[in-house]
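**Student:** Here's the letter readout for the chains.
Number of protein chains: 2
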Amino acid sequence: MKGFKFAGICAGIKKNGGKDLGLIYCEKPAAAAALFTRNKVMAAPVLLGKEKIKKGFCQAVLVNSGNANCFTGKKGIDDAITCSKLLGDCLDIDEDLVLVSSTGVIGANLPMDKFEAGIPEIVKHLSSEGMDDFADAILTTDTHRKIIKKTGEIRNKIFSIMGIAKGSGMIRPNMATMLAFICTDVDILPQDLKMCLSAANEKSFNRITIDGDTSTNDTLLALANGSSGVKINDTDSNIVFQNALDEVCFQLAKMVVKDGEGATKFVQIIVKGAETKEDAFKASEAIAHSNLVKTAIYGEDPNWGRITAAAGRSGAQVVPEKMDLFFDHQPLVLKGNWMGPEAEKKTAQIMKKNEIIITLDLNLGKETDRFLFCDFSENYVKINAEYRS
Amino acid sequence: MKGFKFAGICAGIKKNGGKDLGLIYCEKPAAAAALFTRNKVMAAPVLLGKEKIKKGFCQAVLVNSGNANCFTGKKGIDDAITCSKLLGDCLDIDEDLVLVSSTGVIGANLPMDKFEAGIPEIVKHLSSEGMDDFADAILTTDTHRKIIKKTGEIRNKIFSIMGIAKGSGMIRPNMATMLAFICTDVDILPQDLKMCLSAANEKSFNRITIDGDTSTNDTLLALANGSSGVKINDTDSNIVFQNALDEVCFQLAKMVVKDGEGATKFVQIIVKGAETKEDAFKASEAIAHSNLVKTAIYGEDPNWGRITAAAGRSGAQVVPEKMDLFFDHQPLVLKGNWMGPEAEKKTAQIMKKNEIIITLDLNLGKETDRFLFCDFSENYVKINAEYRS
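Residue numbers (my numbering), protein chains in the order written: chain A, 1 to 389; chain B, 1 to 389.
Bear in mind the hints are in silico, worked out from the structure with no lab data behind them. Fair warning: there could be bad hints in the mix.
One copy or two, either will do: identical chains are not told apart, so a pair holds if it fits within one copy or between any two.
[What the hints assert, rightly or not] Straight-line C-alpha distance at most 30 Å; calculated BS3-like pairs for lysine-lysine:
| # | residue 1 | residue 2 |
| --- | --- | --- |
| 1 | 382 | 346 |
| 2 | 15 | 335 |
| 3 | 5 | 55 |
| 4 | 335 | 5 |
| 5 | 52 | 353 |
| 6 | 75 | 272 |
| 7 | 157 | 272 |
| 8 | 277 | 52 |
| 9 | 54 | 258 |
| 10 | 75 | 322 |
| 11 | 353 | 74 |
| 12 | 366 | 5 |
| 13 | 335 | 231 |
| 14 | 258 | 74 |
| 15 | 353 | 382 |
| 16 | 382 | 254 |
| 17 | 40 | 203 |
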């Protein structure tokens, strides 16, 4: 994409010697919008970023893995500012146009010597083809990089959107982080970009069981540099752009879930027929977060009792005798009645698949919501019991 | 305890051939109070019990394990009524004075032939020494029976309280159940017993991560037969009885947590210095329910970042720079600052213990709350992935 450059290097921040410092650089300041964690315990780069993003423009984003710079007090803030300044100097841009982002272990100060050496070095590696290196550098317990590209057409001109993310924890990331960076070449005002990003987020990252809004470092950042010449300035162009952005965010969110710690299966739970939107949200969220549902899916067990009971305790209005439950298109419960051993056998076959869609119809109204989640294996426990050791 | 008899037999309801039918019988109707699950999906015996308990008296309690009689529609209710009638006939008491309770797999009908044969049989086994058999018969994935006895003195007379419970799931029981039965020989009005039971429950079963109020079958039942002649009829006697009941419920709750599925450690999280009672509750609940905290404890890792971050996302008012965090009496974070490697080393030693008290002082006010929970091991996943197979 014209006007964007990327880099990713090993700066010695991670103990395992992998790539751990990433950089996105825009040749000219880009319109910028960001969404951050809602956790009251916020990492230093998030506190700083919330302020800086207010002016709506950004030219460079520095991301490190291996250290979250969270719960590091004033020193943490100072370190984040120092990194911004260092990078601003190296790129010869205003430090106000630099955002920093961190993911990794909480409570340890950034190893500043690594940044002092790494920042001048990473600038040398900037390249329009460097997105893979960048995507690798931001990973923690992810097993592979996550990049998605999409193009669209508005008024006979092509625009592009690229998304790069890291996930990690299945349920709540390792106190660390879901980070996602969107680069696009459309020409859009910062406030419009923010609205599009919020809408896309609501249908993607806010509907996965990473609890996107609660870890300390979560960040979703979008940069639009206008290099395609495609203006997003009316309803028609807005719809096309929004759809493309929705798709990029949804696919990234899906990649994050599929690579959840220890995950072996990817599941969509759709709750329909709810009386209110809130009920649909509550019921789908409760099911997606239930350890008992997750472990049953890992065991390839269509344990409908756990699913309906999770809906029952969710706070949503439910009537057991009205519930229908489907695994893919196979009904297992209709109007509260179990469909018998034959249906259970067919459902058990579906449970062997890697991707499953579970649909719970409450039959009480017209509202729907959806969550993406993964199963829960022994490996999740292993990864998270041993994370700091 | 005078006037109470117990029994527990193998009736063939459980696949593994263990004891699965239990009975408590009071020689005369006892004052009775009960608390049931708040899940909107309620098991048949809970629906029935909620009605029956309204009159405040009960003479016999029949409990089966192996089948929860939940999500079984009208047939489930009919079966529960049939069991009550059968037992009433065998004991020659009014069926209105019989309560039934079930725990086990959801969605399957009760094997009524086993009950038709088992009920006349179990009546023959009633004995004042039968509490161990009863306690065994109500277990599901518990690894041992849970009984606690306590005596107290009021106006120079001795009274007794006995509690028998079953737990199971660590976080949310297997769609099945926390069941607890309290037998006492005090003389108390049903409405007073209900108040005492609610108060005791609030400090015990409602503060463990079994999510006592959300599974489909949860039941806490108290029976008071007055056989000690100790009247609970004024403030002084009420306080003594309440304290004894609190202690019995707390110890039972503790036993349930310690025997949580796959649990290797028992933890108390105390949140103090909260601005409001609700904040103290929210923060302690969020920590006790966090999979990341639970897995870290399993890994003997004093991962304070996960604990403080759980408080941060709980919705409670918190200020990171004011937080103190202790493991037993060892401070690890003071005023938001990590106390360094020496403190971490000492804390790591404490983490090797089987029982740990974690104290988070928010330093914002005077309110306190407490949760009991256990760690989260690979074994939890194994038990719950394979539960129905």
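**Student:** Taking the hints in turn, state whether each one holds.
**Tutor:** Against the structure, the hints:
Taking the shortest Cα distances, residue 382 and residue 346 sit within 30 Å of each other only across copies (24 Å), while inside one copy they are farther apart (32 Å). In this assembly of identical chains, residue 15 and residue 335 lie within 30 Å of each other by CA distance solely across copies; the values are 29 Å between and 55 Å within a copy. For the identical chains of this complex, residue 5 and residue 55 are intra-copy neighbours only, at 22 Å inside a copy versus 76 Å across copies, given an alpha-carbon limit of 30 Å. Taking the shortest Cα distances, residue 335 and residue 5 never come within 30 Å of each other, neither inside one copy (56 Å) nor across copies (42 Å).
Taking the shortest alpha-carbon separations for residue 52 and residue 353, neither the intra-copy value of 45 Å nor the inter-copy value of 46 Å comes in at or below 30 Å. Only between protomers do residue 75 and residue 272 lie at most 30 Å apart by alpha-carbon distance; the minimum there is 27 Å, versus 49 Å within a single protomer. Taking the closest pair of Cα atoms, residue 157 and residue 272 never come within 30 Å of each other, the shortest separation being 38 Å inside a single copy and 60 Å across copies. In this assembly of identical chains, residue 277 and residue 52 lie within 30 Å of each other by CA distance neither inside one copy nor across copies; the values are 34 Å within and 36 Å between.
Taking the closest pair of Cα atoms, residue 54 and residue 258 never come within 30 Å of each other, the shortest separation being 33 Å inside a single copy and 50 Å across copies. Taking the closest pair of Cα atoms, residue 75 and residue 322 come within 30 Å of each other only across two copies (16 Å); inside a single copy the shortest separation is 57 Å, beyond that limit. In this assembly of identical chains, residue 353 and residue 74 lie within 30 Å of each other by CA distance neither inside one copy nor across copies; the values are 49 Å within and 34 Å between. Taking the shortest alpha-carbon separations for residue 366 and residue 5, neither the intra-copy value of 46 Å nor the inter-copy value of 53 Å comes in at or below 30 Å.
Taking CA atoms no more than 30 Å apart as the test, residue 335 paired with residue 231 passes in neither setting, with 50 Å inside one copy and 50 Å between copies. Proximity of residue 258 and residue 74 under a CA criterion of 30 Å is satisfied in neither setting, with 37 Å inside one chain copy and 40 Å between copies. In this assembly of identical chains, residue 353 and residue 382 lie within 30 Å of each other by CA distance both inside one copy and across copies; the values are 24 Å within and 20 Å between. Taking the shortest Cα distances, residue 382 and residue 254 sit within 30 Å of each other both inside one copy (23 Å) and across copies (26 Å).
In this assembly of identical chains, the alpha carbons of residue 40 and residue 203 lie at most 30 Å apart whether taken from the same copy (23 Å) or from different copies (28 Å).
Of the numbered hints stated above, those contradicted by the structure are hints 4, 5, 7, 8, 9, 11, 12, 13, 14, listed in ascending order.
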